[in-house]
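Participant: From first to last, the protein sequence lines stand for chains D and A.
Heads up, the first sequence is in my numbering, so the first residue is 5 and it goes up one at a time.
Heads up, the second sequence is in my numbering, so the first residue is 5 and it goes up one at a time.
Take the hints with a grain of salt, since some may be wrong.
As the list makes no split between identical chains, a pair holds if one copy fits it or if it spans any two.
[Stated by the list, open to error] As a list, the in silico DSBU-like pairs of lysine-lysine whose alpha-carbon atoms are at most 35 Å apart: (1) Lys-25 with Lys-132; (2) Lys-307 with Lys-271; (3) Lys-169 with Lys-334; (4) Lys-67 with Lys-170; (5) Lys-67 with Lys-39; (6) Lys-105 with Lys-132; (7) Lys-25 with Lys-119; (8) Lys-298 with Lys-140; (9) Lys-6 with Lys-105; (10) Lys-6 with Lys-119; (11) Lys-25 with Lys-271; (12) Lys-119 with Lys-105; (13) Lys-271 with Lys-140.
The set of hints was computed from the structure by calculation and includes no laboratory data.
Protein chains: 2
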Amino acid sequence: MKIEHPYLMFLGDAPDELAAKTAIGIKQWRPDWCKGQLRLENCNADLGLPDMTIAQAREAGVKTLVLGVANRGGIIGPVWMETLLEAIDAGMDIANGLHTKLSTIPELAEAAAAKGVSLFDVRHFDGKLPVGNGEKRSGKRVLAVGTDCSVGKMYTALAIEAEMKKRGIKSTFRATGQTGIFIAGEGISVDAVISDFISGAVETIAPANDADHWDVVEGQGSLFHASYAGVSMGLLHGSQADAIVVCHEPTRSHMRGLPGYSLPDLKTTMEVNLMHARLTNPDCVVAGFAINTKALDDAAATKLMADISAEFGLPCVDPVRNGVAPIVDKLQEI
Amino acid sequence: MKIEHPYLMFLGDAPDELAAKTAIGIKQWRPDWCKGQLRLENCNADLGLPDMTIAQAREAGVKTLVLGVANRGGIIGPVWMETLLEAIDAGMDIANGLHTKLSTIPELAEAAAAKGVSLFDVRHFDGKLPVGNGEKRSGKRVLAVGTDCSVGKMYTALAIEAEMKKRGIKSTFRATGQTGIFIAGEGISVDAVISDFISGAVETIAPANDADHWDVVEGQGSLFHASYAGVSMGLLHGSQADAIVVCHEPTRSHMRGLPGYSLPDLKTTMEVNLMHARLTNPDCVVAGFAINTKALDDAAATKLMADISAEFGLPCVDPVRNGVAPIVDKLQEI
Numbered sequence: 005m006k007i008e009h010p011y012l013m014f015l016g017d018a019p020d021e022l023a024a025k026t027a028i029g030i031k032q033w034r035p036d037w038c039k040g041q042l043r044l045e046n047c048n049a050d051l052g053l054p055d056m057t058i059a060q061a062r063e064a065g066v067k068t069l070v071l072g073v074a075n076r077g078g079i080i081g082p083v084w085m086e087t088l089l090e091a092i093d094a095g096m097d098i099a100n101g102l103h104t105k106l107s108t109i110p111e112l113a114e115a116a117a118a119k120g121v122s123l124f125d126v127r128h129f130d131g132k133l134p135v136g137n138g139e140k141r142s143g144k145r146v147l148a149v150g151t152d153c154s155v156g157k158m159y160t161a162l163a164i165e166a167e168m169k170k171r172g173i174k175s176t177f178r179a180t181g182q183t184g185i186f187i188a189g190e191g192i193s194v195d196a197v198i199s200d201f202i203s204g205a206v207e208t209i210a211p212a213n214d215a216d217h218w219d220v221v222e223g224q225g226s227l228f229h230a231s232y233a234g235v236s237m238g239l240l241h242g243s244q245a246d247a248i249v250v251c252h253e254p255t256r257s258h259m260r261g262l263p264g265y266s267l268p269d270l271k272t273t274m275e276v277n278l279m280h281a282r283l284t285n286p287d288c289v290v291a292g293f294a295i296n297t298k299a300l301d302d303a304a305a306t307k308l309m310a311d312i313s314a315e316f317g318l319p320c321v322d323p324v325r326n327g328v329a330p331i332v333d334k335l336q337e338i
Numbered sequence: 005m006k007i008e009h010p011y012l013m014f015l016g017d018a019p020d021e022l023a024a025k026t027a028i029g030i031k032q033w034r035p036d037w038c039k040g041q042l043r044l045e046n047c048n049a050d051l052g053l054p055d056m057t058i059a060q061a062r063e064a065g066v067k068t069l070v071l072g073v074a075n076r077g078g079i080i081g082p083v084w085m086e087t088l089l090e091a092i093d094a095g096m097d098i099a100n101g102l103h104t105k106l107s108t109i110p111e112l113a114e115a116a117a118a119k120g121v122s123l124f125d126v127r128h129f130d131g132k133l134p135v136g137n138g139e140k141r142s143g144k145r146v147l148a149v150g151t152d153c154s155v156g157k158m159y160t161a162l163a164i165e166a167e168m169k170k171r172g173i174k175s176t177f178r179a180t181g182q183t184g185i186f187i188a189g190e191g192i193s194v195d196a197v198i199s200d201f202i203s204g205a206v207e208t209i210a211p212a213n214d215a216d217h218w219d220v221v222e223g224q225g226s227l228f229h230a231s232y233a234g235v236s237m238g239l240l241h242g243s244q245a246d247a248i249v250v251c252h253e254p255t256r257s258h259m260r261g262l263p264g265y266s267l268p269d270l271k272t273t274m275e276v277n278l279m280h281a282r283l284t285n286p287d288c289v290v291a292g293f294a295i296n297t298k299a300l301d302d303a304a305a306t307k308l309m310a311d312i313s314a315e316f317g318l319p320c321v322d323p324v325r326n327g328v329a330p331i332v333d334k335l336q337e338i
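Build out the structure end to end from the sequences listed, making use of the hints.
Facilitator: Structure representation (structure tokens):
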């Protein structure tokens with residue numbers, strides 16, 4: 005799966021900005037890839053990009069229409085279909101972040117086949133994968149892990165990749181979830197693969213590389229999440245991480261989606277992740293902590309990060325407030 | 005998925021006994037369900053059951069033709085097709101343990117639909133599953149875990165169920181792999197579900213039950229297996245085990261399929277499984293050890309089991325040599 009850019013961002017009839025969260029993430033991390041946006045009637049989201057028709061986008065060189073928006077009820081209605089068919093007719097690929105698979109809508113599948121364009125359903129994975137083999141491979145890899153889901157693992161990984169590129173370090177962000185895949189232009193939604201192949205999927209998307217190249221692997225879930233820990237475990241083994249970065253949101257009262265389940269502490273999270281990571285890479289270390297301090301004021305955030313850094317003797321940053329330079333410093337020592 | 009018995013065991017043209025391993029396991033644990041066997045030319049396996057044609061099996065009340073045999077090259081050839089179509093025509097369901105899905109062979113799918121019979125592809129799972137919710141449910145559950153794959157987890161679980169039934173304890177074996185599914189008549193191949201739903205699949209197959217009922221859950225893989233640990237992790241969380249039994253094969257030089265990966269020791273296996281099990285059931289304990297001592301002589305086996313029992317102060321048995329009574333004694337204390 006290789007999604008070609010530039011992109012035209014389809015916002016449909018998004019009821020609010022939140023529905024366009026994926027699209028916002030793509031524009032934030034790959035602004036040069038996003039040529040314009042296409043909004044239908046009643047769309048309440050705005051990426052601040054030029055509004056374009058399909059024809060205008062084609063003219064501007066757009067290769068892919070990106071559905072980076074949650075829709076009402078998970079159904080692709082007639083009002084959307086018209087635009088999607090127009091895009092196919094104009095020769096564009098469509099990359100879709102919805103649960104609904106475009107490839108199972110006969111009208112779209114037939115039109116795409118006739119026109120020779122691709123429909124990418126990035127939340128799904130139907131390809132063939134190998135079982136993980138655990139064999140040591142060249143190149144370096146860092147994985148973002150977390151105390152919980154949605155604590156900033158993707159943001160942290162992208163910030164590390166950006167900082168590495170700024171320093172001239174060879175690096176590639178490796179996407180394991182839908183927003184990440186749009187941002188990378190490729191990847192596999194690891195939570196969508198058959199469970200026998202979780203670590204094999206990660207070995208596939210973060211393969212052997214130059215000895216001085218870093219793969220920055222997007223994490224998923226948490227080893228302490230009762231719903232998704234299996235995914236996190238396979239990711240840890242498959243990424244064969246030389247280093248992990250522990251991500252956390254300090255104000256959360258319970259694990260996401262699991263009232264009654266409290267979050268693990270940072271020490272436990274670090275130790276248990278390290279233990280399992282060392283199965284496939286005995287030299288794995290912790291490169292630091294990435295804390296999402298959005299809910300704290302400056303003083304509280306600064307104090308919390310200083311306390312964590314002192315407790316563990318490791319860098320602790322909020323990637324949004326501070327960037328990730330101290331973590332990349334640490335990675336450069338490896 | 006509910007596979008009706010009695011079964012006719014299809015051995016096809018199995019080149020040797022090993023190819024019929026699944027069928028042998030079914031006959032061992034559910035002899036009353038196995039009415040006969042059907043062998044084609046050049047079949048070198050023999051379950052010691054009466055040889056039957058499809059017509060004879062139908063006459064004997066057989067409901068399902070069971071493909072519990074590995075075939076040559078994973079392809080269902082014309083010589084098999086004839087028998088399968090005959091079974092469908094006689095109104096039998098077919099339950100298939102091969103990787104190849106019967107339901108994707110148009111000739112079989114059409115014949116089955118026309119006749120109103122079911123094709124069960126037990127290595128696959130296409131149904132809808134919930135994400136695991138981790139909510140405490142009633143009833144008791146014991147899970148077989150292991151240092152590695154193929155160390156006797158299914159056998160141990162079935163032996164525990166049998167011993168419990170002998171004692172009049174309410175219990176149900178819960179199958180998570182293909183042979184187990186034939187033996188239980190239902191279940192889900194957990195390694196075949198989408199990875200987001202591993203723990204949800206286990207919550208589904210081992211649901212809330214009477215407070216004094218035991219679900220004996222078949223384990224898969226190992227938390228220390230670089231290919232499959234994600235599956236084992238989800239199983240542990242989803243089963244919400246009150247007790248685990250640690251299974252081991254003491255002469256294995258490396259993890260199955262992974263040369264260069266040594267087996268974890270029993271203490272580590274026990275502790276790490278307990279730690280993760282306690283996420284969804286804080287009261288989980290170890291009920292004992294089940295050692296596959298097939299490769300040892302009597303004296304060596306007896307000494308090894310005595311040593312392990314003394315080291316941990318817990319029952320240690322070889323289910324084949326000794327049965328699992330001491331483990332069930334321990335479970336009755338819970």
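Participant: Hint by hint, note whether the structure agrees.
Facilitator: Now for the hints, and whether the structure bears them out:
In this homomeric assembly, Lys-25 and Lys-132 come within 35 Å of each other (Cα to Cα) both inside a single copy, at 30 Å, and across copies, at 27 Å. In this assembly of identical chains, Lys-307 and Lys-271 lie within 35 Å of each other by CA distance solely inside one copy; the values are 18 Å within and 40 Å between copies. In the homo-oligomer, the alpha carbons of Lys-169 and Lys-334 lie at most 35 Å apart inside one protomer (15 Å), although the nearest pairing across protomers, at 58 Å, exceeds that limit. Taking the shortest Cα distances, Lys-67 and Lys-170 sit within 35 Å of each other inside one copy (27 Å), while across copies they are farther apart (67 Å).
Taking the shortest alpha-carbon separations for Lys-67 and Lys-39, only the intra-copy value of 10 Å comes in at or below 35 Å, while the best inter-copy value is 61 Å. For a Cα distance limit of 35 Å, the shortest separation of Lys-105 from Lys-132 qualifies both inside one copy, at 18 Å, and across copies, at 15 Å. Taking identical chains as interchangeable, the C-alpha atoms of Lys-25 and Lys-119 lie at most 35 Å apart only when both belong to the same chain, with a minimum of 30 Å there against 49 Å between chains. In this assembly of identical chains, Lys-298 and Lys-140 lie within 35 Å of each other by CA distance solely across copies; the values are 33 Å between and 38 Å within a copy.
Taking the shortest alpha-carbon separations for Lys-6 and Lys-105, both the intra-copy value of 17 Å and the inter-copy value of 29 Å come in at or below 35 Å. For the identical chains of this complex, Lys-6 and Lys-119 are intra-copy neighbours only, at 18 Å inside a copy versus 44 Å across copies, given an alpha-carbon limit of 35 Å. For the identical chains of this complex, Lys-25 and Lys-271 are intra-copy neighbours only, at 31 Å inside a copy versus 46 Å across copies, given an alpha-carbon limit of 35 Å. Taking the shortest Cα distances, Lys-119 and Lys-105 sit within 35 Å of each other both inside one copy (19 Å) and across copies (32 Å).
In the homo-oligomer, the alpha carbons of Lys-271 and Lys-140 lie at most 35 Å apart both inside one protomer (27 Å) and across protomers (26 Å), since each shortest distance falls under that limit.
No hint from the list above goes unmet by this structure.
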